[in-house]
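Protein chains in written order, with the working numbering: chain Y, 1 to 235; chain W, 236 to 525.
Just so you know, these hints were derived from the structure itself, not from any lab.
Yeah, the Cβ is synthetic: ideal placement off N, Cα and C, and Gly gets one too.
Treat each hint with caution, since some may be false.
The following label-pair restraints were derived from C-beta to C-beta distances [unchecked claim]:
| # | chain 1 | residue 1 | chain 2 | residue 2 | range |
| --- | --- | --- | --- | --- | --- |
| 1 | Y | V16 | W | Y272 | 31 to 37 Å |
| 2 | Y | A158 | W | G363 | 41 to 47 Å |
| 3 | W | R437 | Y | D103 | 37 to 43 Å |
One-sided and incomplete, this derived list gives chain Y residues near chain W with beta-carbon spacing under 8 Å [stated by the list, open to error]:
| # | residue |
| --- | --- |
| 4 | I63 |
| 5 | R114 |
| 6 | V125 |
Derived DSBU-like pairs (lysine-lysine); straight-line CA-CA distance at most 30 Å [claimed, not checked]:
| # | chain 1 | residue 1 | chain 2 | residue 2 |
| --- | --- | --- | --- | --- |
| 7 | W | K289 | Y | K226 |
| 8 | W | K479 | W | K361 |
| 9 | W | K283 | Y | K226 |
| 10 | W | K479 | W | K493 |
| 11 | W | K429 | W | K493 |
| 12 | W | K361 | Y | K226 |
| 13 | W | K291 | Y | K226 |
| 14 | Y | K40 | W | K361 |
Single-letter residue listing:
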Amino acid sequence: MFGRYERDFEYSDADVKLRIDRSGTIPVYTRDCNGAHVEKYLTGDYNAIHICPVEPVNLPEEITHHLEIAFPEIVLPPEVKQTIYLKFPVETGVFFEIHREMDVLDIFSFVPTRFSLYGRPDAGVITRWYRSDLYSCVPATDLHREGVLELALVNHCATTVEISRAVFDSHHMTIFYGERVGMTATMEVWSPAIAQTTFATTPPPGCPNRSIDLYTSQKFPVGPMKGYMMESGMT
Amino acid sequence: MPNSTEIITTLSNETSLIGTASTREVVQFFVLLILAYVIGLVIAHYLKLRLSHKLKSDQLVLLIRFVRVILILIVVSFSLPGLLDLSITILALVFVALVAIIGLSSQNVISNMIGGLAMLYESPFKSGDFINTNDVSGTVISTRLFSVLIRTTSGVYVQIPNAQIYSSDVSNYFAHVARRYEYVVGIRYQDDVKKATAIITRILEGYTYVLVHPAPEVFVNDIDADSVRVMFRVWFPSVWARTKDDISLQTAILPRVKAALEAEGIEMPYAHREILFTTPIVTQPGPGGK
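With these hints in hand, go ahead and build the complete structure from the sequences.
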């Protein structure tokens, strides 16, 4: 499903049916999935359609831009670096290209959305919440539902820490796709309660194509790459 | 009688119009005023571009007004003394006297303005927040220099003076990122409470906007005359809940819970009374043997 399509296109599999109908005076984009039918009329002379995974924090509406992945508790001794693999939910974006600029046409997902609170109600953040198992190597995934996050855990503090969740800022996410959907991130632990998560911009193995950054394509003001500081614990 | 040429010549020579001020100085004063006005517009445009995503619209408007007023005041305070041949000291004295007179004659206006500035600094709420103050509940439309505009849930426009709000209790329902809601359902005495709480928990965990953490709490709250009352507490993201009223939140949750409980054979009881008679009741036939 992911890739670049010409002006007229139709895609269907067991989960989703996408189509641009140009038989009428105005082209119509239609999507049928999860029992829902979406129809949008396209104006303007677009060049192509791009379909790729986007930052998984957009559905069902704009609530948060933080992604939280909960996983079985891992114990990390002092001054140790450990790479683990987690799964994250995939949201698919449909973009139309006009004069080399991308605009979002549609976003959909096959994964139910849950939200959570990281921190206190008065000082925390709402997160898109997802539970993943813990893997020591790249797990098999359903391309349209789950991506693989390669997470390097680095314990800089002098004590053993327990980690069972990681919170990320989607403004700094870089998603790649190919055989699977993938991201690479680092979680640096500075104390038993504080850690920083950052994303790498190098593609993980098997994911040569870089997704369109939703926030760049929407021309949102995004600050310098600095990641997210988890200040409310890691368990 | 001077002809028009003589009049123009006279005016163009540095004729004293106000006190010792010449035509050139008067024109210069108004040009500076217009310049300050135009610069104010440019700064306002720049502030809108740079700060519109960082500040709320009412805060931005207030900031722009403040900057523009300051610019005009700078021009007036530097040009007017020379124009009227007044010293800064005299102007300052006149200004203080004016402020004192205005202050004494309009204490309410001043206190509202100070209340507005204090609220701007403390930010107990912002546009779009749902608040309760002075027996008024509603969504804040805007915070102005002298008053706050509120739209109640029934669409009524309410204007409350700042001083009144600043000296009152204010409840801001969505100041924090998450907010807890409580709901109660009654089940029959003979129903399995553990089963009912498990069903309600399952329904809540399947609802997108119920937060995973803090986890929903489901527990028996009371045993009243007709039912066992099961309370459940859920947390919603404020950014979502603020777009709903309490009734639409109830209708999002309670019908699902009721349907799930009834599907599992757990029903909401009718109110009933069991009346015990200490002596046997003798029934007698009525008129017509009925």
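Checked hints:
{"no.": "1", "hint": "Y/V16 <-> W/Y272: 31 to 37 Å", "result": "violated, 57 Å"}
{"no.": "2", "hint": "Y/A158 <-> W/G363: 41 to 47 Å", "result": "holds, 46 Å"}
{"no.": "3", "hint": "W/R437 <-> Y/D103: 37 to 43 Å", "result": "holds, 40 Å"}
{"no.": "4", "hint": "I63", "result": "holds, 5 Å"}
{"no.": "5", "hint": "R114", "result": "holds, 5 Å"}
{"no.": "6", "hint": "V125", "result": "holds, 6 Å"}
{"no.": "7", "hint": "W/K289 <-> Y/K226", "result": "holds, 19 Å"}
{"no.": "8", "hint": "W/K479 <-> W/K361", "result": "holds, 17 Å"}
{"no.": "9", "hint": "W/K283 <-> Y/K226", "result": "holds, 26 Å"}
{"no.": "10", "hint": "W/K479 <-> W/K493", "result": "holds, 21 Å"}
{"no.": "11", "hint": "W/K429 <-> W/K493", "result": "holds, 16 Å"}
{"no.": "12", "hint": "W/K361 <-> Y/K226", "result": "holds, 29 Å"}
{"no.": "13", "hint": "W/K291 <-> Y/K226", "result": "holds, 26 Å"}
{"no.": "14", "hint": "Y/K40 <-> W/K361", "result": "violated, 35 Å"}
The structure fails hints 1, 14 (numbered hints given earlier, in ascending order).
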